[in-house]
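Single-letter residue listing:
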Amino acid sequence: MDALTLQSLSPSIAMSLGIISLMIQTAIRRNSAMALGISLGSLVIALWLSLSTWPATAVQATPLLVVDDYARLFTVVLVLAAIATIIVSRVWMLSEQLEQHEFFMLVLVATFGAVVLAHAQHFASFLLGLEIMGVAVYALVAYPDRNWLPIEAGLKYLVLSSASTAILLFGFALLYTATGVLGFKELGVALKNVDSLLVGTATLMIFVALGFKLSLVPFHMWTPDVYEGSPTPITGFLATVSKVAIFVALLRWYHGAQLWQQETLTEALSWLAIASMLVGNFLALRQDNLKRLLGCSSIAHMGYLLVALVVLGTLNETDLALEASVWYLMAYTAATLAAFSALSAWQSRHGSEGNCHREDLHGMFWKEPLIAVVMTLALLSLAGVPLTAGFIAKFYIIASGVEAGLWPLLAALVLGSAVSIFYYLRVIYALSINTDQKAIPVTGERHLLNIVFLGLILAIFVLGIYPEPLIELVAGVL
Amino acid sequence: MSLLIAALLLGGALAWLSERVSPEMPARLSLATLLVCIGALWQLSQVALTSGPDAAGWLAYEAHSWIPRFGIQFVLAMDGMSLLLVGLTLLLGIVAVIASWTEISVRPGFFQANLLWTLAGTVGVFLAMDLFLFFLFWEVMLVPMYLLIAIWGHEARAPAATKFFIFTQASGLLMLLGILTAAVTYADQTGEWSFAYMDWLQTPLQGAAANYVFWGFLLAFLVKLPAFPVHSWLPDAHTQAPTAGSVILAGVLLKTGAYGLLRFGVALFPDSAQEWSTTLLLVGVVGVLYGAVMAYGQRDFKRLVAYSSISHMGFILLGIFAWNRLGWSGAVIQMVAHGLSTAALFMIAGALQERLHTRALADMGGLWHAMPRMGAMAMFFIIASVGLPGLGNFIAEFLVLAGLWQSAPLICAAAALGLITGAIYALWLLQQAFHGPLSERHMSLKDFTPRDMIALSLLAAGLLGLGVYPQPALDLVAPALDTLAIQAGG
Chain A
11 MDALTLQSLS PSIAMSLGII SLMIQTAIRR NSAMALGISL GSLVIALWLS LSTWPATAVQ
71 ATPLLVVDDY ARLFTVVLVL AAIATIIVSR VWMLSEQLEQ HEFFMLVLVA TFGAVVLAHA
131 QHFASFLLGL EIMGVAVYAL VAYPDRNWLP IEAGLKYLVL SSASTAILLF GFALLYTATG
191 VLGFKELGVA LKNVDSLLVG TATLMIFVAL GFKLSLVPFH MWTPDVYEGS PTPITGFLAT
251 VSKVAIFVAL LRWYHGAQLW QQETLTEALS WLAIASMLVG NFLALRQDNL KRLLGCSSIA
311 HMGYLLVALV VLGTLNETDL ALEASVWYLM AYTAATLAAF SALSAWQSRH GSEGNCHRED
371 LHGMFWKEPL IAVVMTLALL SLAGVPLTAG FIAKFYIIAS GVEAGLWPLL AALVLGSAVS
431 IFYYLRVIYA LSINTDQKAI PVTGERHLLN IVFLGLILAI FVLGIYPEPL IELVAGVL
Chain B
9 MSLLIAALLL GGALAWLSER VSPEMPARLS LATLLVCIGA LWQLSQVALT SGPDAAGWLA
69 YEAHSWIPRF GIQFVLAMDG MSLLLVGLTL LLGIVAVIAS WTEISVRPGF FQANLLWTLA
129 GTVGVFLAMD LFLFFLFWEV MLVPMYLLIA IWGHEARAPA ATKFFIFTQA SGLLMLLGIL
189 TAAVTYADQT GEWSFAYMDW LQTPLQGAAA NYVFWGFLLA FLVKLPAFPV HSWLPDAHTQ
249 APTAGSVILA GVLLKTGAYG LLRFGVALFP DSAQEWSTTL LLVGVVGVLY GAVMAYGQRD
309 FKRLVAYSSI SHMGFILLGI FAWNRLGWSG AVIQMVAHGL STAALFMIAG ALQERLHTRA
369 LADMGGLWHA MPRMGAMAMF FIIASVGLPG LGNFIAEFLV LAGLWQSAPL ICAAAALGLI
429 TGAIYALWLL QQAFHGPLSE RHMSLKDFTP RDMIALSLLA AGLLGLGVYP QPALDLVAPA
489 LDTLAIQAGG
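Keeping their order, the protein sequence lines are chains A and B. Heads up, the first sequence is in our numbering, so the first residue is 11 and it goes up one at a time. Heads up, the second sequence is in our numbering, so the first residue is 9 and it goes up one at a time.
Think of the hints as simulated: they come from the structure by calculation, not from any bench. One should not assume that every hint holds.
Claimed, not checked - Straight-line C-alpha distance at most 25 Å; calculated DMTMM-like pairs for lysine to aspartate or glutamate:
{"no.": "1", "chain 1": "B", "residue 1": "K454", "chain 2": "B", "residue 2": "E362"}
{"no.": "2", "chain 1": "A", "residue 1": "K166", "chain 2": "A", "residue 2": "D298"}
{"no.": "3", "chain 1": "A", "residue 1": "K195", "chain 2": "A", "residue 2": "D79"}
{"no.": "4", "chain 1": "B", "residue 1": "K454", "chain 2": "B", "residue 2": "D308"}
{"no.": "5", "chain 1": "A", "residue 1": "K195", "chain 2": "A", "residue 2": "D12"}
{"no.": "6", "chain 1": "B", "residue 1": "K171", "chain 2": "A", "residue 2": "E112"}
{"no.": "7", "chain 1": "A", "residue 1": "K166", "chain 2": "A", "residue 2": "D155"}
{"no.": "8", "chain 1": "B", "residue 1": "K171", "chain 2": "B", "residue 2": "D308"}
{"no.": "9", "chain 1": "A", "residue 1": "K195", "chain 2": "B", "residue 2": "D308"}
{"no.": "10", "chain 1": "A", "residue 1": "K166", "chain 2": "A", "residue 2": "E106"}
{"no.": "11", "chain 1": "A", "residue 1": "K377", "chain 2": "A", "residue 2": "D298"}
{"no.": "12", "chain 1": "A", "residue 1": "K195", "chain 2": "A", "residue 2": "E141"}
{"no.": "13", "chain 1": "A", "residue 1": "K377", "chain 2": "B", "residue 2": "E27"}
{"no.": "14", "chain 1": "A", "residue 1": "K195", "chain 2": "A", "residue 2": "D78"}
{"no.": "15", "chain 1": "B", "residue 1": "K171", "chain 2": "A", "residue 2": "E369"}
{"no.": "16", "chain 1": "A", "residue 1": "K202", "chain 2": "A", "residue 2": "D329"}
{"no.": "17", "chain 1": "B", "residue 1": "K171", "chain 2": "A", "residue 2": "E482"}
{"no.": "18", "chain 1": "A", "residue 1": "K377", "chain 2": "B", "residue 2": "E111"}
{"no.": "19", "chain 1": "A", "residue 1": "K202", "chain 2": "A", "residue 2": "E273"}
{"no.": "20", "chain 1": "A", "residue 1": "K166", "chain 2": "A", "residue 2": "E112"}
{"no.": "21", "chain 1": "A", "residue 1": "K377", "chain 2": "B", "residue 2": "D308"}
Since the structure is predicted, the reported quantities are computational estimates derived from the model, not experimental observations.
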């Protein structure tokens with residue numbers, strides 16, 4: 011392993027060092043402020059390292075991992091999301107008086123797994139990243155030990171997720187049988203010569219398994235329950251870091267192995283996309299609980315993302331669709347994270363977990379203007395209203411869809427978006443209702459939390475108003 | 009021009025912050041902002057009108073690079089039509105601020121901020137000459153308007169605000185789809201992305217694609233106008249909105265639909281527009297008559313005025329698809345005249361609601377005796393909206409009907425019926441609210457203050473000027489309509 015490889019992997023190394031030092035610190039002396047410092051410190055160092063050692067060209071760090079613009083970009087996104095999650099969780103855990111060390115450690119481990127996924131160019135690293143992340147997330151979902159809801163959610167997620175991982179492994183094995191290779195690029199070459207039922211079955215199984223993890227219809231059943239049961243900051247983590255990392259790896263595989271050449275797969279994906287967009291949005295319409303609502307709407311958002319994959323399969327010119335999916339992932343991360351952070355901050359101040367029905371949000375505009383602004387922006391961005399990042403992302407998706415002439419998909423997208431406006435607006439309206447209750451005094455790291463909020467507001471706004479710098483960065487990233 | 013929009017946005021933000029100083033401060037600040045903007049617009053138009061239009065026919069033009077990846081530019085341009093409508097927007101903005109002076113007690117700063125932001129979006133819509141930018145402003149108008157209705161509206165505000173947002177947003181998505189289809193086609197033809205209006209005029213869409221894109225635009229504009237049968241958001245939104253909201257909605261926001269039809273619908277897709285013109289004329293005439301009949305059936309002051317808007321906006325649709333210069337001039341004058349008269353009527357309705365705490369016509373009657381100033385003003389504007397010769401609305405409707413007579417005499421005859429039905433509901437409104445016996449409990453109502461009178465007199469003067477001597481306004485929009493006639497090939 012030469013110096014360049016080592017340098018290019020330094021962000022991941024910093025994160026693993028962070029995990030180890032957190033373990034040692036916990037063994038010597040439990041101090042939650044120090045644990046917070048170590049975990050934030052290692053993430054910030056990882057962030058700084060990924061920005062300062064951005065490689066000029068792609069570096070093959072072992073056959074398993076590749077460090078290129080794409081991996082770096084998403085390392086930054088994932089690490090930033092993890093930082094936000096840790097700060098938001100800190101406020102929540104202080105108000106609930108929970109043990110914090112193990113929690114921070116689990117978040118670091120899960121983020122590490124996600125970063126590995128962003129670098130994966132081989133089925134082995136794909137699976138490793140997936141499992142490192144998955145195992146930590148199961149524990150995070152069930153972390154609060156005082157009531158049954160998180161445990162139920164954790165168990166549900168654990169069982170379904172491991173079942174889907176088993177299917178995934180089976181798919182990998184079948185592909186290996188058919189082609190004899192495991193690297194994404196090599197697979198692309200090998201698939202050109204092999205065209206058998208085995209390959210079809212294998213890709214189908216892999217997509218079914220990933221469909222579970224990304225909660226695509228018809229594999230979406232667990233989503234609202236797990237979203238509702240998990241502690242709010244972790245729901246945000248699950249919805250962003252975990253799903254985004256999986257989609258990032260999926261996209262690299264799909265692109266690297268040139269899977270779009272399989273017409274049946276493209277067709278199957280477009281049905282999945284249509285079903286996810288429609289079912290997700292219509293399910294969300296019926297939810298009164300904000301976490302369930304966001305869960306259902308995330309099904310729809312994954313459907314929008316699939317549109318870009320289908321475009322990849324339909325067009326020969328792939329730039330626009332790739333840019334569209336990268337953009338969508340980033341806008342979705344910012345908005346979803348903002349929504350869950352705001353909700354968590356609100357819950358920490360106004361009573362315990364579980365209070366996230368619409369009527370629990372009444373009066374937020376008057377009691378906590380900052381939180382309400384973050385929430386409103388997040389929902390508007392998810393709805394795709396102009397001046398937010400979500401609009402540019404949706405613009406990209408629609409543009410790529412139009413270019414490929416996918417009218418049925420676009421019809422479902424427009425219908426779904428129109429429906430989604432209704433339920434997002436209902437929440438925004440609830441925020442504006444005037445009530446007389448007094449706010450509860452703030453506990454915990456108020457300043458850090460405010461920095462997170464300002465960062466999220468800036469991200470949503472700046473990406474929405476002046477997207478050009480990021481557009482240039484994203485162009486040709488994969 | 010970009011400074012104009014920036015000033016409105018900034019003024020809104022300042023008004024929001026100034027809430028902490030005193031509850032009256034935000035209204036004062038936003039009034040000051042609007043006055044400054046009107047001064048700036050005056051200055052701009054004087055300079056532009058003396059130096060004459062540029063080669064492309066714009067009085068003022070500015071372009072900045074924005075998102076080169078898609079060839080999106082920040083292009084603002086103004087011709088006579090835009091100038092007239094921007095002026096109307098700012099004028100009605102002042103009226104709206106005055107109408108909200110005493111009405112709004114909860115969060116006045118945030119209210120004024122939303123008001124100014126809505127105006128900024130509307131001014132942007134009238135000036136944007138890049139379709140991406142146009143769409144952006146089109147949507148930006150919505151969010152603050154939604155908040156105006158949802159937070160400060162009347163009893164049934166939640167469904168009204170939601171309905172308003174969903175109707176406009178869903179049709180807006182179709183327009184976005186249309187815009188993107190046109191842009192992708194343009195990129196295929198020329199090899200470069202562009203959303204600029206002037207570029208699209210050079211390379212018109214052909215065939216079936218043009219038809220689909222035209223319908224995407226058309227639906228968005230018809231919903232906003234609104235035309236029958238996509239009008240159902242309007243009565244609710246107008247009735248539930250606070251006075252200032254209704255003034256802006258009826259006075260300006262509806263006009264963006266009409267403006268869009270003329271500027272983009274007709275100019276970019278002349279063939280498709282002409283192909284569908286008979287259908288759209290029928291839609292227009294149904295709107296005129298349906299609005300009038302429904303207005304007569306209303307028992308709520310604001311709802312009645314709202315339905316009358318549907319009727320009057322039908323005339324605009326008729327004027328546009330009469331497909332000649334007369335009709336188009338009529339449509340533009342109608343935009344201004346309807347804006348002025350309806351804004352005034354909503355202001356009066358708001359004043360009544362503030363004093364009587366009801367909008368039901370049954371609870372009114374004889375109010376002239378209690379409030380002679382308000383009564384006189386109401387009479388003036390009701391008669392104006394009937395279309396009394398000598399006032400702006402008459403000129404507008406006359407031009408529309410004259411234009412329509414040349415292209416579709418039968419439809420013209422049917423539309424003329426709208427004038428009669430219009431007189432029936434309008435006079436009925438006046439009679440119910442202001443004539444008849446005055447009830448005991450309404451004896452000591454407060455009449456309009458000088459501030460209200462100034463605002464209404466401004467509107468009255470505008471209508472009178474437009475009615476007695478419409479030539480300056482017609483001259484102002486003439487070059488724009490000439491260009492349009494060339495683009496439409498007729």
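A quick look at each hint next to the structure:
no.	hint	in the structure
1	B:K454 x B:E362	holds, 10 Å
2	A:K166 x A:D298	holds, 22 Å
3	A:K195 x A:D79	holds, 17 Å
4	B:K454 x B:D308	holds, 21 Å
5	A:K195 x A:D12	holds, 23 Å
6	B:K171 x A:E112	violated, 48 Å
7	A:K166 x A:D155	holds, 16 Å
8	B:K171 x B:D308	holds, 20 Å
9	A:K195 x B:D308	violated, 70 Å
10	A:K166 x A:E106	holds, 24 Å
11	A:K377 x A:D298	holds, 21 Å
12	A:K195 x A:E141	holds, 22 Å
13	A:K377 x B:E27	holds, 16 Å
14	A:K195 x A:D78	holds, 14 Å
15	B:K171 x A:E369	holds, 20 Å
16	A:K202 x A:D329	holds, 22 Å
17	B:K171 x A:E482	violated, 38 Å
18	A:K377 x B:E111	holds, 23 Å
19	A:K202 x A:E273	holds, 13 Å
20	A:K166 x A:E112	holds, 21 Å
21	A:K377 x B:D308	violated, 35 Å
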